[in-house]
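Novice: Chain by chain, the residues run as shown.
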Amino acid sequence: MLSSKDIISINDFSREEILHIIQTAAQLEQDGQKHDYLRGKILATVFYETSTRTKISFNVAMKRLGGNVIGFSHLKNSSFLKGESFSDTLRILEGYCDIMTLRAPWEGSARYAGEIVDVPVINAGDGSNQHPTQTLLDLYTVMQTQGRLDHLRIGMLGDLKYGRTVHSLLMGLSHFNVELFFISHPTLSVPKRYLRHLESKGIRYHILENYPQIIDELDILYVTRVQKERFPDEKEYSQVRGLYQLSRKDISSVRENFKIMHPLPRVDEINPDVDDSEHAVYFQQAKNGVVVREALIYLLLGGEKLKG
Amino acid sequence: MLSSKDIISINDFSREEILHIIQTAAQLEQDGQKHDYLRGKILATVFYETSTRTKISFNVAMKRLGGNVIGFSHLKNSSFLKGESFSDTLRILEGYCDIMTLRAPWEGSARYAGEIVDVPVINAGDGSNQHPTQTLLDLYTVMQTQGRLDHLRIGMLGDLKYGRTVHSLLMGLSHFNVELFFISHPTLSVPKRYLRHLESKGIRYHILENYPQIIDELDILYVTRVQKERFPDEKEYSQVRGLYQLSRKDISSVRENFKIMHPLPRVDEINPDVDDSEHAVYFQQAKNGVVVREALIYLLLGGEKLKG
Amino acid sequence: MLSSKDIISINDFSREEILHIIQTAAQLEQDGQKHDYLRGKILATVFYETSTRTKISFNVAMKRLGGNVIGFSHLKNSSFLKGESFSDTLRILEGYCDIMTLRAPWEGSARYAGEIVDVPVINAGDGSNQHPTQTLLDLYTVMQTQGRLDHLRIGMLGDLKYGRTVHSLLMGLSHFNVELFFISHPTLSVPKRYLRHLESKGIRYHILENYPQIIDELDILYVTRVQKERFPDEKEYSQVRGLYQLSRKDISSVRENFKIMHPLPRVDEINPDVDDSEHAVYFQQAKNGVVVREALIYLLLGGEKLKG
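Protein chains in written order, with the numbering used here: chain A, 60 to 367; chain B, 60 to 367; chain C, 60 to 367.
Accuracy of the hints is not assured; some may be wrong.
Beta-carbon label-pair distances, calculated as ranges [said to hold, decoys possible]: (1) A:Gln-82 with C:Gln-89: 42 to 48 Å; (2) A:Pro-164 with B:Arg-255: 36 to 42 Å; (3) C:Gly-167 with A:Gln-86: 50 to 56 Å; (4) C:Ile-175 with A:Ser-62: 40 to 46 Å.
Residues of chain A placed beyond 10 Å of chain C at every Cβ, according to the derived structure [to be verified]: (5) Asn-70; (6) Tyr-171; (7) Arg-212; (8) Met-230; (9) His-234; (10) Tyr-270; (11) Val-299.
Hints are computed from structural coordinates only; laboratory data are not their basis.
Nothing here was measured: the structure is a model prediction, and the numbers come from that model.
For each residue, glycine too, the CB sits at the ideal point set by N, CA and C.
Just chain A, same shape as in the assembly (with noise of 0.2 Å):
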């Protein structure tokens, strides 16, 4: 069982119930699609801000479960939003489920729907604050592919100063021993209150321009966008970008456990050339959120008592 009624930040979770989800989406994978643990129960997919993959991640999930959905997106233009509350919003939605996924473009939507309703309340991304259930599919990845959390070489490219993927998977990651190799631009690199926080948990960290020295020596390499936008002027953005295009060449003498892993949607991050490759698992990676979704969901409605 979580410690929690509600799935909010990463933050939130300890290393061992890290551990327990990854472990429980792992049992769930492996049980095959026939269950039918939440039969007449119903999720709301409550979406302020269009997120089709993750609200269609949670549907899936929802539904091989064996329980229904009901969806309410573009809800700027609902009846619920003539002059209607947030709260009361939320507490005449409680009435029609058993549990709620919220997105929100406001930093802490999610805790306070969470205070505001009795029934459980995930967090599927709150503006730039907190996306837990990425993260914790990321996690899931790393540790189906490389059998383990700790003692793994973990590399971060690309965005690393507005990403929220990357800020949320460093904060999970630092229950782990780990190694972290921080690839950016300098005007991308990872914002100072992150670094305190990794030395204040004693997690070794590099910060480099570039990973053709390095790359080699890593077991993940989480790739992320870089928006030409974040650049103050056109050419510095032409200078680096090949930097941010991982193709098939860079990867000739990486390890055999090396992967790529990627939040999609990419853009030219990674050239299609290293699809095939044994080491890009990021379609893998987001077909995991789906089993990811699914334990945390079964944990949060009691899933392990109606089992057992």
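The hints should help you fit chains B and C onto chain A, whose structure is shown.
Specialist: Structure of chains B and C alone, referenced to chain A:
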């Protein structure tokens, strides 16, 4: 069983049918959520105008019964309207479902639909005309909180002139031995035709401009939204708006069994400081929409026989 | 079992496969609605353009089989298209489902999708190219109403030049021993390449400008919509439109087994006074879309083995 294959207007129901629906809903609520009565059955929600709350409530009801839902929204943009007649659309949809719920802005559209198709049709609102499932959930909530529908003193507050829910509710209540208190600004008072109807049924009613003098004697106060636009000039609205903002201090000496209802969404007719009071039941009332719609679907699809 | 993992074009099917699909559909229809063959399976409906009817029909089919559906519509507005390639989107969606149905405006997109992903793909329309499930439901309706696909005299009326359904249907029928009557204004007659194909298969056909002379000898009349825009000038359209408005008086002396089909929606090609005739089967035809799509999904997911 109901006497009609469709649910079109609250005025079609006898006292006995209303009580039978309420009892069926109570029974389904007691049975819990793991119904499987309507497995393989399909409800089509056919919405020519947006009403997220109503649509979702039907959706949840059908899924709680083990059935499935197919939804048609934004029909104005869909291929169904490329010159196709309303009756053609209905006949095609009929081929896809076992029961249909229709929301359309044209008065009488639901009754027309019921005549066109063989599957049962539930009116989910046809213009300013009827919204019978709202009335049934209101009556269910009265029964749930008071234990009876007779011998009650019920106040109705707000826009009693244009409010469809108020008109339907008083029509439904006219089958029972109640005493009604209509509280509104004179420009928003109950239309005469409804008063004539109450008189013909021998229902006692009172017309008031404010509630302080009566609230302590009521069993139910049904609050509705007052739209500023209904007033000839804004000044007049400002003068009376205080009347339409119920707050905690107004309910300091009400009866123990006194309950405040509201069809929601509210804007500022009820101060949030009332929400935590044991007298506030409007969120429960919204939730009751599910089980009442379950009962209707169940009865229309012959659930009693299925179960038996 | 089918010879391909995908359903892309009616031209891919042999006579035997067409008959096998039709027989499977008939069997599923006879089994009634309480199937549970595909429990836990997920169909993704991936629609890059709106086609409410087709999407809903697939939706109902999957749910009747006990499976679940996840839907992607309005894909142009979704996060899937933020610079992401079509093949990346498909590969991610593949991770969420067991079978996929695709509708996209680009010719050949369905075949391409089938090559990209490992799950079965059903073409739900790719531009002006193919819409094989429409053709299969048309053939099913012919079989259902006539008891055979051979030895039939079938008329096709309306826009035979641009009408995708007509072209696919004649390709499908060319496996059978039929006699075809193409009835249209000369500017909208069947393209030569289709006539060449019929000749190569030894199918007899006739080209006519109106139906009064032939309707009493037909077993089936397949009516399609004629768009005014197809005519060089409106005057010419006005002169012939009467031909394209079938009404009750036109069918006063047809054969007993004569049936009128239409892919719907109709505008004014068929007068509503025909609807109640025993010869009108177009609403039944639309309904048949469900059970035919059930059969396809069932066969592609190995339903025969599941059941066995």
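Novice: Does each hint fit the structure? Answer for all of them.
Specialist: Cross-check of the supplied hints:
1. A:Gln-82 with C:Gln-89: 42 to 48 Å: holds, 46 Å
2. A:Pro-164 with B:Arg-255: 36 to 42 Å: violated, 52 Å
3. C:Gly-167 with A:Gln-86: 50 to 56 Å: Violated: the Cβ-Cβ distance is about 42 Å, outside 50 to 56 Å.
4. C:Ile-175 with A:Ser-62: 40 to 46 Å: holds, 43 Å
5. Asn-70: Label holds. Min Cβ-Cβ 25 Å, cutoff 10 Å.
6. Tyr-171: Label holds. Min Cβ-Cβ 24 Å, cutoff 10 Å.
7. Arg-212: Holds, because the least Cβ-Cβ distance between Arg-212 of chain A and chain C comes to about 27 Å, which exceeds 10 Å.
8. Met-230: The assertion about Met-230 of chain A holds, with a minimum of 24 Å to chain C.
9. His-234: holds, 27 Å
10. Tyr-270: holds, 22 Å
11. Val-299: holds, 19 Å
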